[in-house]
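2 protein chains.
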Amino acid sequence: MEDIDSILEPLRLSVKEQGDVVRELKTQKAPELDIKSAVAELKKRKKALQDKENELVAAEAPFDRVQFEACLKKRFFYGQAFEIYGGVAGLFDYGPVGCMLKNNIIDIWRRHFIMNDDMLEVECTMMTPSKVLEASGHAQRFADLMVKDLTNGDCFRADHLLEAAIEKALTDKSTSEEIKADMRATSPLIEGFSKQELGAKLNQYNVKSPSSGGDISEPMEFNLMFRSEIGPTGAQPAFLRPETAQGIFLNFKRLLDFNNGKLPFAGAQIGHSFRNEIAPRAGLIRCREFQMAEIEHFYDPADASHSSIDSVKELILPFFTKDAQMGGGKLTKCSIGAALKNEVLCNETLAYFIGRTFLFAKAIGIDPARMRFRQHMDNEMAHYAKDCWDLECRTSYGWVECVGCADRSCFDLQCHAEASKVNLQAERTLPQPIEKEVFEAIPVKKFIAKQFKKDTPAVTEAIQSADASDLEKQFENGEKINLAGFEIGKEMIQFKKSIKKFHTESFTPFVIEPSFGIGRLIYACLEHNYDCREKDVERRFFTIPPLVAPYKCSVLPISNKPEFDPFISTISAGLKNFTLAHKVDKSSGSIGKRYARTDEIAVPFGVTVDFHTVKITPATVTLRDRDSLDQIRVPVQDTANLINDMASQRQTWMQVAARYPSQDDWLKENPLE
Amino acid sequence: MEDIDSILEPLRLSVKEQGDVVRELKTQKAPELDIKSAVAELKKRKKALQDKENELVAAEAPFDRVQFEACLKKRFFYGQAFEIYGGVAGLFDYGPVGCMLKNNIIDIWRRHFIMNDDMLEVECTMMTPSKVLEASGHAQRFADLMVKDLTNGDCFRADHLLEAAIEKALTDKSTSEEIKADMRATSPLIEGFSKQELGAKLNQYNVKSPSSGGDISEPMEFNLMFRSEIGPTGAQPAFLRPETAQGIFLNFKRLLDFNNGKLPFAGAQIGHSFRNEIAPRAGLIRCREFQMAEIEHFYDPADASHSSIDSVKELILPFFTKDAQMGGGKLTKCSIGAALKNEVLCNETLAYFIGRTFLFAKAIGIDPARMRFRQHMDNEMAHYAKDCWDLECRTSYGWVECVGCADRSCFDLQCHAEASKVNLQAERTLPQPIEKEVFEAIPVKKFIAKQFKKDTPAVTEAIQSADASDLEKQFENGEKINLAGFEIGKEMIQFKKSIKKFHTESFTPFVIEPSFGIGRLIYACLEHNYDCREKDVERRFFTIPPLVAPYKCSVLPISNKPEFDPFISTISAGLKNFTLAHKVDKSSGSIGKRYARTDEIAVPFGVTVDFHTVKITPATVTLRDRDSLDQIRVPVQDTANLINDMASQRQTWMQVAARYPSQDDWLKENPLE
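Residue numbers (the working numbering), protein chains in the order written: chain L, 1 to 673; chain H, 1 to 673.
Simulated from the structure, these hints should not be mistaken for lab results. Every value quoted in this text rests on a predicted model; they were computed, and no experiment measured them. Possibly wrong hints are sitting among the right ones.
Given that identical chains are not distinguished, each listed pair holds provided it fits within a single copy or across any two copies.
Only pairs whose alpha carbons sit at most 25 Å apart, straight line, appear in this in silico DSS-like list of lysine-lysine [said to hold, decoys possible]:
1) K583 - K253
2) K593 - K262
3) K16 - K52
4) K362 - K497
5) K74 - K253
6) K262 - K73
Work out the full structure, taking the sequences as your base and the hints as a guide.
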């Protein structure tokens, strides 16, 4: 990486200089136009830096994505959904190997987060009434800009279309130099363009529809949520949820009760979400239906400390702060403790989750050297976030956001409290009780009971939970008011002002949200573990760690003779006893071929039953390690135990191998007559 | 049950007599009208029998559902979704306890079925293009009949509305005796009514809308699938899947490849499905969004044997055959082996899955005495099924279908092969090779390569996979034809008839589908395990077995003093090491109160840390068994191991208790000074 750094240095400097210019203009309160053009220049320089970095990294570690994807398809890790009907973009089905990998990752996630920190798991519905997503802001703001082909109705993402048109025109000889210069200046700005700016550029360059060559519409907002309706009447419009977070917010009160009213606590949810992408691409990275695992850690904003911060304080992580991004700077590698001290991270709770996220990603086999935590720039934050750090993984698609750790403050609880008129606050004990004047509406039971009989409790409760001043105001217009469907007379309520002592006060909790894209993590895990051996570069395999690997071992008899069967059964039963997924392959291919096949589906260990197994007592088998290719000889009765220890990371291969003879040594000492 | 049987005997006899009448008329080929009226009479008698049985059973074991549901709500097992926005019928959120219970049940399912029988798990998308569900028949036939309130647009299930109207009219003094008689005769027939018959009766009884009192529409079909659209163009209509099965069928070819082309094999899927019920009721039993676990076991119809049938042959199960239902007969209790011999069960594969289903339901705590396997009558089978056996569980809602084991024969694979034009067959080796005349289209490479260059392989493949006779026919109209987007000249194809030797033949596999409704199983498990103790009937608890219980134990310090903390930490760390979910409750309530609270969330074991723990070395704790209320004294260091053994059913409480002193004995011998 040293070389790359030295090449990038001047580009970084150029970003930094321009960043300083922008800052200076802002402090001087320079004219808006001047600032805007300085920012545009800054963006151009940042893009040049980014492009160069991507180019250098790709050149250093070339990755054959076509071959990689062919391997995933051949072994059915996952595949395009509805392929026999021509396929649907952005929808994928997981096959047996992908499914097991995913189940293992989710299982580890549940242990690493939910069990480790006593979180409260919920499972909420995907189908969501519109009013909920109106309250959260998604119905208004969760949209991409698109243009429509006016002749055939095809739709395109406006920014992608403009990018593609510029790319094409730049290689076209007939494009004038003047226009090319304008295009080069425009290109880095596209990501931040407004609807109007995109429309203007599409017009200026006379961009046509790629499918028909015909005219396109002005850019328009397209909401990315799938729309449906609940029930047959048409009166309950609904969306499929775009994130699992909302379900946790809606259940906040129940979870707070479950936790005996105490903060902090975290709700967690693993589930599917949906985004109706205009034109999905990049495989598992941008799907229309995908699985997430989200945590909402609710805490009192007066105390953002975390009781387990010490367990992650020493971790050294690569931070890419927003200042560094503005300054063209490099990653800051420092401990979480130091990042807290330097105010790179704003509070312990956020810091704790960043640390846990790193440990999780490492545990599932993502390469720490290809991870970074990037802070969002102010202009790229989602509508609900106050601060956000993404765990990005470097893949052949560039840096990909796999986890987001967002500080949503009290945005969501406040939105829902306001829209639903339900109190979504928690209580904190005051250091000293305070006295306050209160105005109350006190139900007068005898009058209520006289009229409402068995509905008395409902009426009483309605009066108590209503706002007293509000009720009093309503009576100004007459002797009776309507409350929760009941007609209430003036005599049924007594209004009273008094001084009361309060030992607690209410507040809306803040929330830190670590949000994991399972599909993206799986993709990064697969790419980071795709490998070949020096002596056989054509044969590819996956080095997925045993803890996460779909199958923990293979069981391969060297012959199909019936005397092999009892050994296969014993070993298989032992493995099943530990719930260890394994693959018995009795097919007639050579052992080498069968090893290659198991390598391709990431099986870390191979158990081979050979003629020595059958003939020499006590019975032994060959145990092969995928990553080192080492083979040792172990007793049949130890096999399941050893695999279990290695699959659960209680022992490493090295530790196991040290205790048993190597296959070669053993064979020398145990010849078959 | 003896008493109930003797009361029901005459009713059963009356059903049987009428069943014989219907059979006799059918064999005599009597006029259709005679048969119809005899069948109507049979249905009335069956309904009378069913009603009486339900009444007697409810009287024998009264179940307070209101209290039961209050308990589930209080401890947030699950609750109505979107409650703070008023709630949506048929949508439920699982809270922490329900979620853990569900995760455990799914985990056991995966081990019991997928791992035990080496099934291939897949995870397919829920969003499904319409054409797929048109091919499967769901777009046409997956509907309920509803009527619309013509004044306000409210919708009602036509059959439910008619039932409710009859019930009301029968208690109304103003209804004439003549009409009452007609209504009583109509009531048992409603379930089987056609659209026209329902409409006629609603008209005859002048049924009005319950919400406005206004007129209602004629009954109309309402498709129960949620509708949406993929992408922004409106050109890709879609539904949310109504079952997970279709995803397995669509991936049949990939799974067959994964299994090296061999049958039998089973695909399995655990996932969510959606049904837009018109008016859902009955809680978890009829939801609009629910989780299923489905297996599609593909096999060669020439061989429906199952290699593991012996493992279930001795199981004695309660079968309720369709003949018994026609004859008003009782359950047949017999072994699976006998049921196969007597042709109660039509093949080994179906029989095997019925046996495994029973074992699974028992393992997750459903009461075997409240289970039966009911065979579908011919007129109630889904459009795809040839035979079907439901595992029904008796609950306070009556007998509820929790699992269906359907024989779908080759219906689905054939539908999709036809609609997608993709071959979805498998191959079987012939006992002897056969010779057949074939007509082939052979690509002529030199002409293809000359014109298509790098597309040559694609063109070659397109020619080879097309139907040769079809291609020849197309050339009758000209020298060139269009194939897969390529313009193919006559010279590029050579047509050839020849005799070929075949060692295999193709066939469409048959499928047995065990389909599990997770929510219904959870509901049955909860109801069957809701209990109280004789000496304290007010205090309810759940006897869910340790294997499935959400939390495996509680850890309760008797005091909040800091010297208790190290013991809590040691025990908790030990439990986490085994991934055993547990609940530490340091709250100040009495131990009795805290036990009651853990009883309510089904915690099977309680660990109490008391002053003896702190003061006497080696440290010991009290271990309490929820079901027997027995308490023993065990060393702190044994605790996690013991809980782990009991939670994974390696040891029972009885076995553990036999090895340690009872709490009382131990206290007597170890007084605190």
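- [ ] Run the structure past the numbered hints and jot down the numbers of the failing ones, going up.
- [x] Number 4 only.
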